[in-house]
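Colleague: Please put together the full structure from these sequences, using the hints given.
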Amino acid sequence: MYRSAEELVAMARSKHCLISDIVLTKELELYEKDARQTYEELGKIYEVMKHSAYGAIEDPKRYRGKIIGDEARLMEDYSRKEGTYLGPVASHAMAMAFSTSLVNAAMGRICAAPTAGASGILPAALITAEEMFHHEEKEILDALLTASAVGELIASSATLSGAQGGCQAETGTAAAMAAAALVQLRGGSPEACFNAAGIAIKNILGLVCDPIAGLVESPCAKRNASGVMNALASAEMALAGVMSLIPFDEMVLTMKQVGSQLPASLRETSLGGIAITPTAKALEKKIL
Amino acid sequence: MSNHSILEILGPVMIGPSSSHTAGAVRLGQLARGINGKPFSRVLVGLHGSFAKTYRGHGTDKALIAGLMGFAPDDERIRDSLAIAKTKGLAYSFTEIELEDMHPNTARIVFYNDDHSSLEVTGSSIGGGQVLIQKIDETPLSFTGSYPTLIIDHIDRRGIISEITTLLARYAINIATMHVSRTQKNKNAILMIEADQEFPEVLKKDLNEVRDIHAVRILNLKEAPHVSQC
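Line by line, the protein sequences are chains A and B.
Count along the first sequence from 1, then add 156; that gives the number in my numbering.
Count along the second sequence from 1, then add 51; that gives the number in my numbering.
It is worth saying that the hints were derived from the structure and are not from the lab.
Just so you know, even glycine gets a beta-carbon here, dropped at the ideal spot from N, CA and C.
Incorrect hints may have been included.
With a straight-line Cα cutoff of 25 Å, these simulated PhoX-like cross-link-like pairs (lysine-lysine) come out [unchecked claim]:
id, chain 1, residue 1, chain 2, residue 2
1, B, Lys104, A, Lys441
2, A, Lys222, B, Lys137
3, A, Lys437, B, Lys104
4, A, Lys378, A, Lys217
5, A, Lys442, B, Lys104
6, B, Lys89, B, Lys186
7, A, Lys222, A, Lys206
8, B, Lys104, A, Lys222
If we take Cβ atoms under 10 Å as the criterion, some of the chain B residues that face chain A in the derived model are [unchecked claim]:
id, residue
9, Ser56
10, Val64
11, Ala74
Cβ pair distances, simulated, as ranges [to be verified]:
id, chain 1, residue 1, chain 2, residue 2, range
12, A, Leu444, B, Glu171, 26 to 34 Å
13, B, Lys104, A, Leu230, 26 to 34 Å
14, B, Thr228, A, Ile430, 40 to 48 Å
Modeller: Written out as structure tokens, the structure is:
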């Protein structure tokens with residue numbers, strides 16, 4: 157099997173297959189499952205993702221947090237306006253990322269991918285691809301497999317926990333997973349998938365975890381919305397042929413090192429960063 | 052070698068907002084309910100560490116009560132669980148407690164059962180929705196509930212372990228891990244066994260016939276493992 161992106165890419169290249177084919181083979185061997193069962197599980201996960209990505213757009217009254225609430229609806233309305241900088245796709249993608257974050261904050265059902273706090277990014281990226289290019293469900297589920305390989309490599313060599321590695325470990329990992337999935341969906345090579353993932357990590361390296369009042373709401377929701385932009389931008393760069401000069405495997409170790417160099421006050425303790433601004437403290441007093 | 056299932060990275064499917072403070076708390080409630088194993092109409096929940104400080108913001112209280120009523124971590128009724136508990140006649144109260152040398156996300160649940168017995172279960176949510184049971188009453192234990200688990204209260208007596216394992220062998224159950232702890236020589240002891248396959252209910256009857264066994268609990272709660280944390 158593989159221990160690194162380098163090995164995984166080499167395997168995919170020698171077998172002339174996708175990253176997802178290697179991941180699926182490993183899943184079936186290690187867990188004694190069959191392919192049908194695995195795609196069924198992935199299909200259920202994608203269903204949950206779709207519901208959460210549209211929940212707060214369609215029912216904004218039901219899905220509100222304690223300090224956030226209107227963001228998905230505002231972005232969705234804005235996406236229908238003319239004269240926006242990035243056009244309808246980007247605003248709609250951000251609306252979907254906000255939606256999952258709101259569903260999560262309001263105790264709705266989400267799929268932690270890789271964590272609950274970063275659960276908005278991968279659904280928004282995949283649904284954007286499906287809505288633009290009308291992919292078959294199997295292609296989307298294969299992209300999910302490739303995303304999981306990226307997450308798995310980061311979980312094995314670094315961490316997915318904001319308390320250990322800061323926000324870079326959560327929304328950074330989610331953006332890297334989504335970027336690789338997006339590249340595969342547009343026919344990019346296995347190398348390009350990991351170039352995108354490496355670039356996505358680079359873009360948010362060092363991002364701290366500093367939630368207001370300790371809630372998974374702010375700045376988390378905005379970092380999900382910007383996280384899907386990070387995923388789309390990183391995928392576009394890789395598809396254009398831009399390389400991640402520092403290979404993905406080295407980026408993961410760098411992320412781990414940077415995470416361990418972050419002081420505890422910036423790792424999900426709400427003792428630093430945005431969490432201790434006067435406005436955040438006032439908000440905290442108001443809701444708790 | 053990386054050895055995480057795709058379902059550990061893409062999951063769990065859960066009710067937000069936090070895998071450790073919400074999903075893990077539901078699971079803790081579910082497991083404690085299984086360990087208690089009797090009808091109850093009142094619980095006292097002590098919250099320690101981060102659980103005590105942040106439980107309202109993360110819905111840890113709703114999650115624990117949902118789990119205690121048997122709901123799963125992805126059940127959408129979790130957000131209304133406190134109201135549901137009232138309609139079901141389950142009384143609950145939450146207090147902040149301080150425990151020594153315990154994980155910051157720890158809860159101690161005291162069950163007041165309809166047969167006038169009571170039981171105390173202490174457990175921690177250790178990240179990614181995973182939990183660890185730490186104590187049953189005053190006896191220290193350590194298990195996750197990810198495997199089918201058998202817990203036996205018995206008297207510390209020569210030969211009793213072999214009588215128990217002989218019965219397990221008769222049902223072709225393979226033991227994955229086994230742990231015996233006792234308060235004092237020849238006094239109360241607890242045997243905890245995790246197995247690869249579920250324990251059949253009929254095993255309980257056979258075990259109850261063994262001399263010096265006081266209580267048998269079977270926990271067949273299975274769930275996909277996951278490592279994500281938040």
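Colleague: Indicate, hint by hint, whether the structure satisfies it.
Modeller: Outcome of the hint check:
1. With a C-alpha separation of about 14 Å, the suggested pair lysine 104 of chain B and lysine 441 of chain A falls inside the 25 Å cut-off, and the hint holds.
2. At most 25 Å may separate the alpha-carbon atoms for a hinted pair to count; lysine 222 of chain A and lysine 137 of chain B meet this at roughly 24 Å.
3. Restraint check for lysine 437 of chain A and lysine 104 of chain B: satisfied, since their Cα atoms lie roughly 16 Å apart, inside the 25 Å limit.
4. Among the hinted pairs, lysine 378 of chain A with lysine 217 of chain A is consistent with the structure: their alpha-carbon atoms are about 19 Å apart, no more than 25 Å.
5. Pair hint lysine 442 of chain A plus lysine 104 of chain B holds up; C-alpha atoms about 16 Å apart against a cutoff of 25 Å.
6. A hinted pair counts as satisfied when its Cα atoms are at most 25 Å apart, and lysine 89 of chain B with lysine 186 of chain B qualifies at roughly 18 Å.
7. Of the supplied pair hints, the one linking lysine 222 of chain A and lysine 206 of chain A holds, its CA atoms being roughly 23 Å apart against a limit of 25 Å.
8. Distance hint between lysine 104 of chain B and lysine 222 of chain A is fulfilled; the C-alpha atoms sit about 16 Å from each other, no more than 25 Å.
9. Interface restraint check: serine 56 of chain B against chain A, minimum CB-CB distance 6 Å, threshold 10 Å, status holds.
10. Below 10 Å, beta-carbon pairs count as interface contacts, and valine 64 of chain B has one with chain A at about 5 Å; its hint therefore holds.
11. For alanine 74 of chain B, the interface hint holds, since its Cβ comes within 10 Å of a Cβ in chain A; the closest pair sits about 7 Å apart.
12. Checked against the hint of 26 to 34 Å, the C-beta distance between leucine 444 of chain A and glutamate 171 of chain B comes to roughly 29 Å, which is consistent with it.
13. Lysine 104 of chain B and leucine 230 of chain A have their C-beta atoms about 32 Å apart, which keeps the hinted 26 to 34 Å range intact.
14. Distance hint check for threonine 228 of chain B and isoleucine 430 of chain A: the Cβ-Cβ separation is about 44 Å, which falls inside the suggested range of 40 to 48 Å.
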